[in-house]
Amino acid sequence: MSSFFQHNSTNIFRVSLLFKAWGKALGIENANIYTMKTYEDMTLEELEENEDEFNEEDERAIEMYRKQRLAEWKATQLKNKFGEVLEISGKDYVQEVTKAGKDLWVILHLYKPGIPLCTLINQHFSGLARKFPDVKFIKAISTTCIPNYPDRNLPTIFVYLEGDIKAQFIGPLVFGGMNLKRDELEWKLSESGAIKTDLEENPKKQIEDKLMSSVSALSVELEEKPQHVGWTLWTVYERI
Numbered sequence: 064m065s066s067f068f069q070h071n072s073t074n075i076f077r078v079s080l081l082f083k084a085w086g087k088a089l090g091i092e093n094a095n096i097y098t099m100k101t102y103e104d105m106t107l108e109e110l111e112e113n114e115d116e117f118n119e120e121d122e123r124a125i126e127m128y129r130k131q132r133l134a135e136w137k138a139t140q141l142k143n144k145f146g147e148v149l150e151i152s153g154k155d156y157v158q159e160v161t162k163a164g165k166d167l168w169v170i171l172h173l174y175k176p177g178i179p180l181c182t183l184i185n186q187h188f189s190g191l192a193r194k195f196p197d198v199k200f201i202k203a204i205s206t207t208c209i210p211n212y213p214d215r216n217l218p219t220i221f222v223y224l225e226g227d228i229k230a231q232f233i234g235p236l237v238f239g240g241m242n243l244k245r246d247e248l249e250w251k252l253s254e255s256g257a258i259k260t261d262l263e264e265n266p267k268k269q270i271e272d273k274l275m276s277s278v279s280a281l282s283v284e285l286e287e288k289p290q291h292v293g294w295t296l297w298t299v300y301e302r303i
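Residue numbers (the working numbering): 64 to 303.
Please note: incorrect hints may appear among the correct ones.
[Said to hold, decoys possible] Computed spacing ranges between beta-carbons, pair by pair:
#, residue 1, residue 2, range
1, Met241, Arg129, 48 to 58 Å
2, Thr260, Glu126, 34 to 44 Å
3, Thr161, Gly234, 16 to 26 Å
4, Glu108, Gly234, 18 to 28 Å
5, Asp214, Thr161, 53 to 63 Å
[Claimed, not checked] DSSO-like cross-link-like pairs, simulated, lysine-lysine; straight-line CA separation at most 27 Å:
#, residue 1, residue 2
6, Lys267, Lys165
7, Lys229, Lys130
8, Lys154, Lys165
9, Lys244, Lys229
10, Lys144, Lys267
11, Lys267, Lys194
12, Lys229, Lys162
13, Lys229, Lys165
14, Lys175, Lys154
15, Lys162, Lys144
16, Lys259, Lys154
17, Lys244, Lys194
18, Lys267, Lys229
19, Lys130, Lys175
20, Lys244, Lys259
21, Lys259, Lys229
22, Lys267, Lys244
23, Lys259, Lys165
24, Lys130, Lys154
25, Lys162, Lys244
26, Lys130, Lys165
27, Lys154, Lys244
28, Lys229, Lys144
29, Lys162, Lys130
Honestly, the hints are just simulated from the structure, not real lab data.
Built from N, CA and C at the ideal position, the CB exists for glycine as well.
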């Protein structure tokens, strides 16, 4: 059977599903039996199904490939080991933040129950944790980590890398209040380097551009119809 296999100097083998059908007394079960596959295109299950058709050299190369695929899978599992927000208290801080691990980004939200913006950010955190499972998202009631931490500083987000603070966002004004969108928070965190966003520009910029456009348009209208000054601000609000 080994004479049917062709391989080059890089040990890339082409395996025809024709051989499998031939081995079943020409029982054609698959319309694609003439499709050629490299072993690199095969799943581990397909490799196991066809292992009787490989010669000794093939088997050595495929065993190396299996090990490579397994190592890649383990690396992916290790990298994507989070995916949800972890709740901690002060006693967990050192273990979960300071000693979190090498090259691991940690994003901590200090909050208080009953503060609407904190609740909103916790909701955004849940979505971001799923989107960026290689980043450790944590939340903690503020006073369990920092005794007497003032509520006026909430919400607070600290961004860490290997235990060092790389960015901090303190107080409601930093977040823009209850109008904060998840994309806006994602962009803000991406600027710290903690996450690699697929957003092409700051979502907040679109709102600002729209506001400026509305103001410019109204300026033209007011030049033409100055009697409309009384409803200028309301019109700006309506247009954004």
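Violated hints - listed by number, lowest first | Violated: hints 4, 5, 6, 7, 10, 16, 19, 24, 25, 27, 29.
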